[in-house]
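Novice: Kindly generate the complete structure, drawing on both the sequences and the hints.
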Amino acid sequence: MMSSKFSSLSLMVVLATALTACDGRKGPSGGDEGLYGGAEDVTYVANSTFRVESVDISQTSVQSIDDFGLPKFKKFQFKACITNSVNQSPVNQVRFGVSDGKSERILRTQGDGCLLWDEVHKISALQKERLLHFQRHFRGVDGYTGNVTVDLAINPWEESPTLYDLRRYTPPDLDSGLENLGFESDMLNLGLGPANAAGSAEAFLADVSMEFTGHDKFQTIITPLLTLKPVQKFRLRLEPKFIRRNLKNELVRMDLKGGEFKLRFVVLRDGSQDDPKPQDLVAEYQGDIKVLYDGTATQDILLRIHDTSKILSRNRAVIILEPIGEAARVARVGVYSGFIGALTGGDADVRLVSAEEKGSLVEARITNLLGQVSEKRDALTVFKENAQLAERNDLLDLAKGGESAIGFSPYGSATGSGIPKLCAVVYLPTDKVKVERWIFGGAKEKPAIEECSRNPRKYLGIGTYDFVQELKGDIRNVPELTSVSARKIEISRSLSWRKESSTSMGGKISGSFDPLGLLTDFLGIKIGIGSEVYAAAELSKSTSRGVEASVSESQSFSVVRDAYEITALTKNCIAVQGVIEGRGFFACADKTEEKTFVERYYLVNYDVESSPFADEGADNQWRLTIRGEAKYKEFERVLTSDNSLLTLMKLHVLPEMDKALVPDFRVNQVYPGVLSK
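Add 491 to the 1-based position in the sequence shown for our numbering, that's all there is to it.
Derived from the structure by calculation, the hints contain no laboratory data.
Heads up, some of the hints might be wrong.
[What the hints assert, rightly or not] So the derived label-pair ranges between C-beta atoms look like this:
(1) T1087 - T921: 44 to 52 angstroms
(2) E817 - L852: 19 to 27 angstroms
(3) S1049 - G762: 24 to 32 angstroms
(4) L679 - H706: 41 to 49 angstroms
(5) N740 - L679: 17 to 25 angstroms
(6) K781 - F703: 20 to 28 angstroms
(7) L793 - E817: 26 to 34 angstroms
(8) L793 - L919: 54 to 62 angstroms
(9) V577 - P662: 30 to 38 angstroms
(10) L679 - Q777: 22 to 30 angstroms
[As the list claims (entries may be wrong)] Think about it this way: if two alpha-carbon atoms lie no more than 27 angstroms apart in a straight line, the pair counts; the simulated DSS-like pairs of lysine-lysine are:
(11) K1168 - K1062
(12) K720 - K875
(13) K753 - K768
(14) K708 - K724
(15) K923 - K912
(16) K720 - K708
(17) K1086 - K891
(18) K753 - K720
(19) K875 - K891
(20) K708 - K1086
(21) K768 - K720
(22) K1168 - K708
(23) K1082 - K875
(24) K1086 - K1168
(25) K1168 - K1082
(26) K935 - K923
(27) K720 - K1124
(28) K935 - K912
(29) K1086 - K875
(30) K935 - K925
(31) K563 - K613
Even glycine gets a Cβ: it sits at the ideal position worked out from N, Cα and C.
Specialist: Here's what the structure looks like:
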């Protein structure tokens, strides 16, 4: 009898083992996580007469797309298979409740014992991928009792996502807490942290080209500081995309079929792209671009030139792509920089790469730069705030009388009744000046007021200036024959041990004692060489003897002229300055005056061919813009003087003045906002 009982028990154990082996259900890890009974029975729930054997996603589809052609609403079909808690047989044609924790749906099992339901979730394909941990609750309705809660995880950004049953398998990259994911949820408002955090998609520029389509004189502007800002027309073709990394750290590139971006395209002086200053801005365009169905964006743009001389050199380009609309909440801005060839009236050669980790810093600095250059600046206000001379409008008539007396004196001196008074205003009684003694040689100090009264032209600098207060109406391009001329200059580089004597050929290049020039350290012609600015301080003939090694080369310059008629409200001011620093004053008229005048702009290009010793595209050549015919003639005299020695002095300006008037302060050769003479 005992033997019979033992045989029956052994048979039951063998059958149970065989049934377990034949079950065959495995988790995503491939292990036998679905064992029944005891601690391994993950589907058993006390006080429940049914089990939820499995939950899967049977189908995924895109319900709608966003403006960029990327998935916006995705529908997921869930499938949960129900069995009897005792014999694990499928339960078919029986109703159960399925809840997301906020609402419940009553569903009937299919013939295979499984429940089917759809969930539609609003996602952004641009968000950072992650596994979302959520729950679904099941309740018995028809004949079955109890409640079963199943913990699940899904990456809804995958094209064909896997649903993980956390009872059987926990993915190693599940790092989020339990999410309140309903049957219909908005991933952007699910509280998943900053939408545009690291790992979210970034605007990507797959290709860029610039086709030159011409100049547009009608779009040329002249600022109240009288800086010429022409435009060049280009057909800009871009191929924007989005890129991000998935949970496997694979790069996902998303092709677009629409959408809009805000585009900021700036051209900067070479070497300044990481920390640009206003004087480094060469050209810029800001606008919106639309992506076509083929994934490209073509836009006719007007590239605004801020520094006409710098476009003749190779520069740096920075393109910032910023999504518009809801995508702006999610995607990160794309920042690309690289070389751009000289903008000399042809297709532009643009080669850009991603700024990568520097992108956010470069984007912030470009935003700040464009904000600075868009500020309206008034030259007279800046001059008053930063001039080292006192403002004495009550002395306007006295200053004008002094200018008239000095101007009509053919001998460099004047005896007008106002001159002694003017000298007494400029100089202090204790001021001394050195006067050369012709007979005994050397110099002797004498009272400045007395010497000024005897020879005011030597000891007083008086100049009148018309400051632009406001432009009136549109500028008009004056139809002149475009002037293109070539000049040559001999440039010497020498190494020597010698004694030298020089004979002046006119002293300062400016040829005059210009108070405004002295106030801003503008001593004559200003020449931009690379990133530095120099003043042509002196032109002289030299005779020398000694040991020297020198190399000379003849360089060619081309000059192009353009003229514009401008109407503006101006204010007349006069500046008086002595030879002692800080001595003097300026005075301005009370009322403004409307004037119509012609300003001529000269673009000087230093022509050089690339060689082992020269780079025609480098920003180290003599390329400059000159405003005003008189100032250009001074520069031309430098170019055409034979056997001359040109002395350059590095230009220093007051930091406050430089900050207030850049880039105009360095672009032209005359004071910004003052009518040329």
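Novice: Next, verify each hint and record whether it holds.
Specialist: Results of checking the hints against the structure:
1. Checked against the hint of 44 to 52 angstroms, the pair T1087 and T921 passes, with Cβ atoms roughly 47 angstroms apart.
2. Checked against the hint of 19 to 27 angstroms, the pair E817 and L852 passes, with Cβ atoms roughly 26 angstroms apart.
3. At roughly 25 angstroms, the beta carbons of S1049 and G762 sit within the given window of 24 to 32 angstroms.
4. The supplied range of 41 to 49 angstroms is met by L679 and H706, whose beta-carbon atoms lie about 46 angstroms from each other.
5. Against the hinted window of 17 to 25 angstroms, the Cβ-Cβ separation of N740 and L679 comes to about 24 angstroms, which satisfies the hint.
6. Separated by about 22 angstroms at the C-beta atoms, K781 and F703 satisfy the suggested range of 20 to 28 angstroms.
7. Taking 26 to 34 angstroms as the suggested C-beta distance range, the pair L793 and E817 conforms, at roughly 29 angstroms.
8. For the pair L793 and L919, the beta carbons lie near 55 angstroms from each other, so the given range of 54 to 62 angstroms is met.
9. Between V577 and P662 the C-beta distance comes to about 32 angstroms, which sits within the given range of 30 to 38 angstroms.
10. Our hint of 22 to 30 angstroms for L679 and Q777 holds, since their Cβ atoms are close to 28 angstroms apart.
11. For the suggested pair K1168 and K1062, the alpha carbons sit about 15 angstroms apart, so the restraint of at most 27 angstroms is met.
12. A distance of roughly 26 angstroms separates the Cα atoms of K720 and K875; the hinted pair therefore holds under the 27 angstroms criterion.
13. A threshold of 27 angstroms between alpha carbons decides the hint, and for K753 with K768 the separation of about 22 angstroms falls inside it, so the pair holds.
14. Of the pairs offered as hints, the one joining K708 and K724 holds, with about 10 angstroms between alpha carbons and a cut-off of 27 angstroms not exceeded.
15. About 17 angstroms separates the Cα atoms of K923 and K912, which keeps this hinted pair within 27 angstroms; it holds.
16. Restraint check: the Cα-Cα separation between K720 and K708 comes to about 10 angstroms, which is no more than 27 angstroms; the hinted pair holds.
17. Our distance criterion of 27 angstroms between C-alpha atoms is met by K1086 and K891, whose separation comes to about 20 angstroms.
18. Our distance criterion of 27 angstroms between C-alpha atoms is met by K753 and K720, whose separation comes to about 23 angstroms.
19. For the suggested pair K875 and K891, the alpha carbons sit about 19 angstroms apart, so the restraint of at most 27 angstroms is met.
20. Between K708 and K1086 the alpha-carbon distance is near 22 angstroms, which keeps this suggested pair within the 27 angstroms criterion.
21. Between the alpha carbons of K768 and K720 the distance comes to roughly 18 angstroms, so the proposed pair stays at or under 27 angstroms and holds.
22. With a C-alpha separation of about 25 angstroms, the suggested pair K1168 and K708 falls inside the 27 angstroms cut-off, and the hint holds.
23. The suggested pairing of K1082 with K875 holds, with an alpha-carbon distance near 16 angstroms, which does not exceed 27 angstroms.
24. Restraint check: the Cα-Cα separation between K1086 and K1168 comes to about 14 angstroms, which is no more than 27 angstroms; the hinted pair holds.
25. A threshold of 27 angstroms between alpha carbons decides the hint, and for K1168 with K1082 the separation of about 21 angstroms falls inside it, so the pair holds.
26. The hinted pair formed by K935 and K923 meets the criterion: a straight-line CA distance of about 10 angstroms does not exceed 27 angstroms.
27. Of the supplied pair hints, the one linking K720 and K1124 holds, its CA atoms being roughly 22 angstroms apart against a limit of 27 angstroms.
28. Between K935 and K912, the direct Cα distance comes to roughly 24 angstroms. Compliance with the 27 angstroms bound is thereby established for this hinted pair.
29. With a C-alpha separation of about 22 angstroms, the suggested pair K1086 and K875 falls inside the 27 angstroms cut-off, and the hint holds.
30. With a C-alpha separation of about 5 angstroms, the suggested pair K935 and K925 falls inside the 27 angstroms cut-off, and the hint holds.
31. The straight-line distance between the Cα atoms of K563 and K613 is roughly 6 angstroms, inside the 27 angstroms bound, and the hint therefore holds.
In this structure, every one of the numbered hints holds.
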